[in-house]
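Protein chains: 2
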Amino acid sequence: MIFIDACLGKKTPYTPVWMMRQAGRYLPEYMRVRGEAGDFLSLCKDVERACEVTLQPVDILGVDAAILFSDILVVPMEMGMDLRFEAGEGPIFDNPIKSQADLDALNVEKGVDNLSYVYEAVKMIRSKLDPSKALIGFCGAPWTLATYMIEGKGTKNYAVSKKMLYSNPQLLHAILRKITKALKVYMSRQIEAGANAVQIFDSWAQALEESAFFEFSWPYIKELCSYLKEKYPHIPIIVFPKGISAYLEKIDGDFDVFGVDWSTPIELAKEKLGSKYVLQGNMEPTRLYDKDAIDVGIDHIYSVMKNSRHIFNLGHGILPDIPVENAKYFIKSVQKRTKS
Amino acid sequence: MIFIDACLGKKTPYTPVWMMRQAGRYLPEYMRVRGEAGDFLSLCKDVERACEVTLQPVDILGVDAAILFSDILVVPMEMGMDLRFEAGEGPIFDNPIKSQADLDALNVEKGVDNLSYVYEAVKMIRSKLDPSKALIGFCGAPWTLATYMIEGKGTKNYAVSKKMLYSNPQLLHAILRKITKALKVYMSRQIEAGANAVQIFDSWAQALEESAFFEFSWPYIKELCSYLKEKYPHIPIIVFPKGISAYLEKIDGDFDVFGVDWSTPIELAKEKLGSKYVLQGNMEPTRLYDKDAIDVGIDHIYSVMKNSRHIFNLGHGILPDIPVENAKYFIKSVQKRTKS
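In order, the protein sequence lines correspond to chains A and B. Note that numbering that gives the first Met the number 0 has the first sequence beginning at 0, numbered continuously upward. Note that numbering that gives the first Met the number 0 has the second sequence beginning at 0, numbered continuously upward.
Rather than coming from a laboratory, the hints here were simulated on the basis of the structure. Where hints are given, some of them may not hold.
A pair holds if it fits inside one copy or across any two, identical chains being indistinguishable in the list.
[Claimed, not checked] Taking lysine-lysine and the DSBU-like style, the derived pairs with C-alpha atoms no more than 30 Å apart in a straight line are:
hint, residue 1, residue 2
1, LYS290, LYS97
2, LYS155, LYS327
3, LYS155, LYS249
4, LYS162, LYS331
Chain A on its own, in the form it takes in the complex:
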């Protein structure tokens, strides 16, 4: 698998490419299956349909890796939190975590067992996926999951989580420990079901100032990486902490690939981390609105990374109103442009 080779720093015939949220709303085929499933959460729990939408971008766009279709919030949901998705509002937990008692009510063992539909989907996807293509499993990072569990709904300022962080850090650490414990099992089971690599999404790393990031986010990601690396040394681990360009040089840990978000100049990521890790990313997702902008973006990133270890991707998820034709153009152009 060219994607796995690239994750491990081996030479590949071209730079492999995939897109975050590639199984998503910009694809009419996805919208059809989602409509059949009923709603977003039903689609996550529907093994056959989750498998179908995971495979769509491989067939339609020719990406080099599939990423499991699921949502990061199924983990706290199955641990006992009531999750619903409201149109236009995003995910809502009706009973956010406010106290140690709220946290104690969550069950790690039951949660990871309840997630069997995810492991079954991984197994089915791996059995149907072209053997030359990789399957990426994933989870949300502990801090990112904690913000949702504490806020209960979308937030602009993360004020509830950060109030807890600065005035009751013990409780926040207890939440993070419990999530990390669940994620160790959750990711292990995805790997044992057939995931060829895993990615840890810390989308809300950017909500933290530096000192808080290195106390409340990064140590838990590192702990999870070390655990998985020791248990599954040949499975590449990708981390994606978004918005931390100001202190990239302080990043270390037992992982293979660092995901670069679009706000971090690729030159800076290469300078600070390129000798330690394979870099993944980081095209500005809105460049996909325009083919010329796609060409300029690819040229720029490739001019920086052509002699370094690199996986092409967007620097954030693909947007729902991107024309499929442009997404296809991006994938094909990368594969053609980077051919050695």
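Given chain A, work out where chain B should sit, using these hints.
Quick look at chain B alone, frame taken from chain A:
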């Protein structure tokens, strides 16, 4: 005025301090006046009440500078765009700019004349404000204003503006030129009415990748700064482009103070810009939920900046649910801690 001295790099008896959004919802006195005015926009247009809420944090908290109470969006509104504020949704322009014709319908000259209530408020505030305290005028940066004018409403991804940026850059540049033209007059009139310093807020600088920032945002800020600096060399100019920590070393221009947002480590800002500019900032605003967190935040920033040119501030606006007592504690603690 100790604040102006600090802006110009002169030695001061202590580090002056103010807070972005200090005339705001966390103050019961503000809420009372806003209730009397009717709504937010009416308050912006009500000279006496705008003056009253501008002065409140000076009286209540003892900050070293007042900042004009207004909104960055009054500029496009008075140029001819219908603006309304919906509870929970923020500002809405019902007819966003989609074409050159939409842009042509906006009138710079009429707009800056219609803004006379702002100039009158500045005049009244300056006449009532303690002569030892500075009055800061302000505007939104061209790119930030353009995003609102193009999106029409709140956005998570700036997808409409960035679609224009990558597929119709000519129109975006035309919008930015027209806004910049209006801001030159608007800021000149604030200064002539009595503003002792001005701040340019580029809150959505963070929505741009590096190359786009240096094409669509920064040149227009620089142009505005150069214009004002030449005309009013003794009026300090503060710029606040949020979320650009990855390329601080490329920042230059005719301004005096660089506002550091909370996501940029103050050590990094000092290293990259501290020898060229006075730095303002950058306490994490959610630290104001807790007095111990305030102390730790002040100690950290002061340990870095004590022998450098510095103005204390938050790294973003104060949040509506911060206890007034904690805001007061922050201001008093800075003034006490930094006394030489």
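Hints, verified against the model:
In this assembly of identical chains, LYS290 and LYS97 lie within 30 Å of each other by CA distance solely across copies; the values are 20 Å between and 47 Å within a copy. Taking the shortest alpha-carbon separations for LYS155 and LYS327, only the inter-copy value of 25 Å comes in at or below 30 Å, while the best intra-copy value is 33 Å. In this assembly of identical chains, LYS155 and LYS249 lie within 30 Å of each other by CA distance both inside one copy and across copies; the values are 27 Å within and 29 Å between. With identical chains, the CA atoms of LYS162 and LYS331 are at most 30 Å apart between copies only, with a shortest distance of 21 Å across copies and 46 Å within one.
In summary, this structure violates none of the numbered hints.
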